[in-house]
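Chains as they are written, first to last, in my numbering: chain A, 1 to 315; chain B, 1 to 315; chain C, 1 to 315; chain D, 1 to 315.
A hint or two may mislead.
Put simply, identical chains are the same to the list, so a pair is met inside one copy or across any two.
In silico DMTMM-like cross-links for lysine to aspartate or glutamate, where the CA-CA straight-line distance does not exceed 25 Å [unchecked claim]:
id	residue 1	residue 2
1	K52	E294
2	K246	E259
3	K139	D84
4	K139	D74
5	K246	E294
6	K139	D312
7	K201	E107
8	K139	D309
9	K246	E107
10	K246	E257
11	K246	E7
12	K42	E115
13	K42	D74
14	K201	D64
15	K133	E44
16	K246	E200
Everything labelled a hint here was simulated from the structure, so no lab data went into it.
Number of protein chains: 4
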Amino acid sequence: MVGHENEHRLGWLGTGRMGVEMARRLLGAGCDLAVYNRSSAKAEPLVRLGAKPVSTAAELAVRDIVFITVGSSDDLIRAVLGRDGLMSGPNGAAPRVLVDCSTVSTEASARIRAEIADRGTALLAAPVMGNPKVVRAGKMTAAVSGPRDAFVMAEPYLTMLGRGVTYVGEGEVARTVKLCHNLFLGVVAQSLAEITVLAEKSGISRQAFLACLNQSVMGSLFTGYKTPAYVNLDFEPTFTATLLRKDFDLGLAAAREHEVPMPVAAIVHQLIQGLVGRGYGDADFAALLQQQAESAGLALVSEHAEVPDGLDVTE
Amino acid sequence: MVGHENEHRLGWLGTGRMGVEMARRLLGAGCDLAVYNRSSAKAEPLVRLGAKPVSTAAELAVRDIVFITVGSSDDLIRAVLGRDGLMSGPNGAAPRVLVDCSTVSTEASARIRAEIADRGTALLAAPVMGNPKVVRAGKMTAAVSGPRDAFVMAEPYLTMLGRGVTYVGEGEVARTVKLCHNLFLGVVAQSLAEITVLAEKSGISRQAFLACLNQSVMGSLFTGYKTPAYVNLDFEPTFTATLLRKDFDLGLAAAREHEVPMPVAAIVHQLIQGLVGRGYGDADFAALLQQQAESAGLALVSEHAEVPDGLDVTE
Amino acid sequence: MVGHENEHRLGWLGTGRMGVEMARRLLGAGCDLAVYNRSSAKAEPLVRLGAKPVSTAAELAVRDIVFITVGSSDDLIRAVLGRDGLMSGPNGAAPRVLVDCSTVSTEASARIRAEIADRGTALLAAPVMGNPKVVRAGKMTAAVSGPRDAFVMAEPYLTMLGRGVTYVGEGEVARTVKLCHNLFLGVVAQSLAEITVLAEKSGISRQAFLACLNQSVMGSLFTGYKTPAYVNLDFEPTFTATLLRKDFDLGLAAAREHEVPMPVAAIVHQLIQGLVGRGYGDADFAALLQQQAESAGLALVSEHAEVPDGLDVTE
Amino acid sequence: MVGHENEHRLGWLGTGRMGVEMARRLLGAGCDLAVYNRSSAKAEPLVRLGAKPVSTAAELAVRDIVFITVGSSDDLIRAVLGRDGLMSGPNGAAPRVLVDCSTVSTEASARIRAEIADRGTALLAAPVMGNPKVVRAGKMTAAVSGPRDAFVMAEPYLTMLGRGVTYVGEGEVARTVKLCHNLFLGVVAQSLAEITVLAEKSGISRQAFLACLNQSVMGSLFTGYKTPAYVNLDFEPTFTATLLRKDFDLGLAAAREHEVPMPVAAIVHQLIQGLVGRGYGDADFAALLQQQAESAGLALVSEHAEVPDGLDVTE
């Protein structure tokens with residue numbers, strides 16, 4: 001990335017768990033980065049790494065490219081369009097490109113795209129695939145949609161964030177890609193629960209079974225990093241059942257809008273609903289394994305095994 | 001593997017498409033290998049690479065370890081226990097270990113295990129995950145079950161076959177692992193069909209969508225090597241819908257025996273049945289995409305794109 | 001009903017196919033009934049039976065109880081709250097009770113309930129179970145919700161409409177009962193399709209099979225009156241697949257709101273979506289049989305049989 | 001039935017709960033009936049009503065038509081073909097027609113049909129729809145298959161058993177009709193559980209909801225007689241979850257054999273499996289309501305309501 005790092009002045013809006021990990025990578029690559037977070041304490045680790053702190057979102061308006069990671073559609077609208085928001089900068093200053101890496105609704109995304117266009121600012125929808133640990137391991141990816149020239153400008157920095165990004169088209173289509181990804185993730189998690197319980201009731205340890213599966217052509221980073229949860233029954237949330245249900249709500253709504261039947265995703269949606277109903281809403285969605293075992297009459301116990309998650313940072 | 005390659009005298013029984021690719025790897029590693037196939041022409045490529053041809057299965061009885069890849073349970077029983085079969089060798093000669101890499105029933109496997117034990121021969125059930133192209137790319141894996149000492153003896157050669165094997169326990173349990181693997185494969189293929197059609201109806205090319213997914217944490221060798229079929233609608237069979245249905249029959253029967261509900265696998269079983277009923281029985285199971293598109297009112301056309309399958313042999 | 005028929009002055013707003021059949025029953029019982037329909041021609045049959053035609057909805061305001069059957073939530077709001085609508089009557093005149101027998105959203109229902117309360121008018125939500133032919137056969141039923149005293153006042157007339165009505169509680173809950181009813185109807189139709197195709201492929205005529213089922217403890221008026229469609233493949237719509245999909249949309253949205261997993265209804269929702277996708281959207285939902293047969297590789301032909309539908313009017 | 005009751009001499013083999021209720025109806029119609037049961041005490045009530053007790057199945061061989069109700073395929077084979085069985089009568093005596101009203105496998109049925117044909121005896125497969133209480137209420141039905149002339153001979157007596165029987169064809173096809181019936185029953189029970197829980201969480205009592213549904217076009221004898229269980233949570237078994245699972249095993253096996261996809265029945269099969277896995281195997285299958293409520297986060301309590309089951313004997 002030599003030569004790129006000083007070309008553009010970058011900003012980061014929202015330094016929660018995901019944002020911190022992602023921004024850290026830009027700093028590691030030598031980028032010029034200003035950061036803003038509502039509660040400034042959360043931006044501290046980045047400031048120690050060389051980021052410039054600013055005290056309002058509006059102060060990021062003078063940056064060329066601003067990345068955003070916030071928690072919800074409403075947060076995004078407030079941070080960008082609200083009072084003291086990013087687009088309220090002095091003298092009509094505005095970034096050339098916003099790169100929104102949050103998971104927000106298509107409607108919120110389209111609204112912001114329209115409103116900032118008047119100021120000459122382009123929006124890239126760039127929802128991220130992966131959790132903070134995946135980002136830290138350098139294995140994050142993103143789907144990106146919006147004006148192609150904006151993508152070309154931002155691509156070098158997006159590439160620094162992980163294993164690479166894919167431009168999927170104009171407008172908000174990257175939002176749909178993210179929803180598809182998460183539908184797939186839920187289906188895979190449930191299928192994994194089914195076969196893992198079958199293997200265990202057949203006399204195979206979860207550790208041996210999942211080791212074999214991970215090594216096979218079916219293994220993915222995802223099946224790998226969920227393996228410790230399935231083997232040792234660690235349902236400490238990385239992504240709660242309730243949040244996954246929300247993504248299934250949105251994904252199936254998109255499918256309905258486009259008139260696409262989704263028999264498997266629909267049944268998994270109901271199983272996740274059942275998981276929430278049985279009291280696992282705040283647990284990690286890996287608790288699908290627990291639900292599956294209960295309905296198979298199997299009492300799970302942790303195998304207390306050392307299992308790799310495939311996300312060790314090797315530097 | 002220096003030092004190993006001459007330790008044991010190996011045999012290979014059944015050199016169909018899978019067998020040829022697997023045996024080729026042993027020869028490439030310098031092993032001493034005798035080969036037998038009912039139709040000897042199919043063994044020719046291996047003979048050219050240094051394998052010793054024999055004219056009956058019985059002649060393999062003098063080998064230490066014999067690998068088997070045949071088409072069905074009946075073929076296996078005939079090849080091992082039948083007239084002129086492997087166990088009919090002269091003077092009571094018999095291999096110390098049989099490694100059966102075929103996909104056969106648990107019953108056939110258990111029967112052979114019992115009958116050859118009398119002759120002092122151990123059976124390793126070692127069903128393979130991957131198709132011939134996967135083997136050629138060096139990415140095959142296998143679950144292995146049977147006596148642990150037999151596994152220790154065979155492991156160096158099993159390791160030569162691909163990316164490694166996993167010992168999963170005594171008896172026939174590796175058969176169940178294979179069934180679980182194939183249930184998972186079917187579920188993943190159907191979910192992939194659902195989300196790919198949703199992405200396409202949302203305005204994203206299948207190529208861009210699957211590139212993004214393959215790069216993400218959800219990407220696997222499998223999603224990679226099915227991508228050309230999904231993008232270019234190549235349903236030339238690597239594994240037919242009818243064969244996948246058979247594995248679902250067996251997998252769901254195992255689940256029923258062990259009293260494990262499989263809501264997602266069960267619905268996919270019915271969708272595969274529908275695929276067969278609609279006339280796609282002899283097509284590759286990737287035709288699940290076609291069925292899914294039809295029920296979404298979408299007319300698929302090939303994207304005629306150059307897409308990598310992730311299985312290029314890099315030597 | 002002696003003694004009742006002249007107690008209250010009744011009105012009917014909206015005399016489409018359902019409304020005509022229902023209102024006809026009140027006239028048959030000797031009620032004093034005024035009728036209004038946007039296109040007055042449709043009210044003619046009722047006028048010939050003694051109904052008093054009026055030329056605006058507002059003129060119905062002087063009636064004690066007004067029944068409504070319109071096509072959609074918007075139609076209902078316009079007819080009741082719009083210019084020249086029912087509540088725009090002269091001198092603040094307003095009926096004491098509105099009985100809405102349409103299938104409308106809970107939101108529309110609640111809005112009207114609130115707005116007419118100011119004028120002292122109570123709303124009964126009374127969605128009807130059954131199609132026009134069911135009404136004509138005297139077998140219609142309804143769930144009713146709203147103020148109990150309004151129900152007591154309207155009950156004698158509601159009872160005249162068919163086989164009886166059930167008071168299910170306050171507010172809009174009758175709307176939910178109707179949605180539940182239609183979810184059940186869709187599930188039953190799909191299950192009927194599955195078993196009818198299984199019976200036929202086993203060598204049993206659809207006529208014999210359904211005759212047997214209808215006579216059994218599982219038989220209902222519904223299974224009876226769909227039998228001619230299933231036997232003779234008459235998919236002339238009584239209720240289209242697209243309309244049934246809409247009711248599943250609403251029913252599953254209600255289930256989601258109340259956090260109730262619906263595994264079977266959800267899969268039927270997707271099958272109905274597939275039916276629409278395959279081009280049967282404007283056919284009767286009985287085309288589920290056709291879809292089921294296609295996925296079973298069975299070419300259906302009409303059995304050209306005389307089959308009763310259980311709805312003959314016997315007077 | 002004047003004139004019929006003395007035409008043929010009848011026998012009844014197996015007087016368990018179903019058999020007693022059915023045979024009682026023949027006696028009530030004045031038929032000449034001999035009865036046999038392994039444990040003779042169970043036949044006592046019938047003897048008090050005029051039945052002639054015999055002490056071996058073989059003694060029934062002199063009767064013209066013998067009805068059978070036993071518990072399993074093995075019981076049937078033993079009772080008919082075993083030592084001292086029905087076909088071991090003296091001097092080659094054998095009934096002209098056996099009417100088997102049990103639920104047995106197609107294979108057992110076909111075997112008996114073949115073996116008794118040599119003795120000139122015809123078999124009618126006549127599996128019964130309904131439980132003992134349904135029989136007592138006079139509402140039992142049956143599908144009948146076998147030689148048509150045998151059916152013509154037995155029909156008057158079959159008709160006495162309940163609401164009528166349906167001839168569905170040659171051979172064992174009536175067995176398939178019974179399986180289809182029970183698949184339908186399971187699907188309806190699950191769908192009823194889903195919508196009843198939705199109604200309750202929406203604020204409607206189960207009693208009011210089911211009263212409304214039973215009265216509607218969707219109501220059946222079945223939905224009626226399960227209503228007390230759903231309202232008052234009485235899961236005292238009439239038919240256990242484990243037995244229903246067995247019928248689903250057989251029904252889905254028949255569907256697989258005939259290559260008929262059954263998406264809804266398959267998902268219900270898995271839900272019943274889950275019910276068994278969660279410990280409700282010996283409860284009535286109405287416990288599907290309990291499972292559904294648990295996954296909806298709803299704690300059910302009995303409504304302690306007086307609800308009719310529609311099976312009162314009105315004599």
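Quick rundown of the hints versus the structure:
1. K52 x E294: Cα proximity of K52 and E294: none, with 51 Å in one copy and 52 Å across.
2. K246 x E259: Intra 20 Å, inter 12 Å, cutoff 25 Å: intra and inter.
3. K139 x D84: Answer is neither: 34 Å inside a copy and 55 Å across each miss the 25 Å cutoff.
4. K139 x D74: Neither way: K139 and D74 sit 28 Å apart in one copy and 46 Å across, limit 25 Å.
5. K246 x E294: For K246 and E294, the Cα distance is within 25 Å both inside one copy (24 Å) and across copies (21 Å).
6. K139 x D312: Both: 10 Å inside a copy, 22 Å across copies.
7. K201 x E107: between (46 Å within a copy, 18 Å between copies)
8. K139 x D309: both (13 Å within a copy, 20 Å between copies)
9. K246 x E107: both (16 Å within a copy, 23 Å between copies)
10. K246 x E257: For K246 and E257, the Cα distance is within 25 Å both inside one copy (16 Å) and across copies (12 Å).
11. K246 x E7: For K246 and E7, the Cα distance exceeds 25 Å both inside one copy (39 Å) and across copies (53 Å).
12. K42 x E115: The answer is neither: 29 Å in one copy and 50 Å across copies each exceed 25 Å.
13. K42 x D74: within (20 Å within a copy, 50 Å between copies)
14. K201 x D64: neither (57 Å within a copy, 34 Å between copies)
15. K133 x E44: Close inside one copy (19 Å), not across copies (51 Å); limit 25 Å.
16. K246 x E200: So K246 and E200 pass the 25 Å test across copies only (22 Å; inside, 30 Å).
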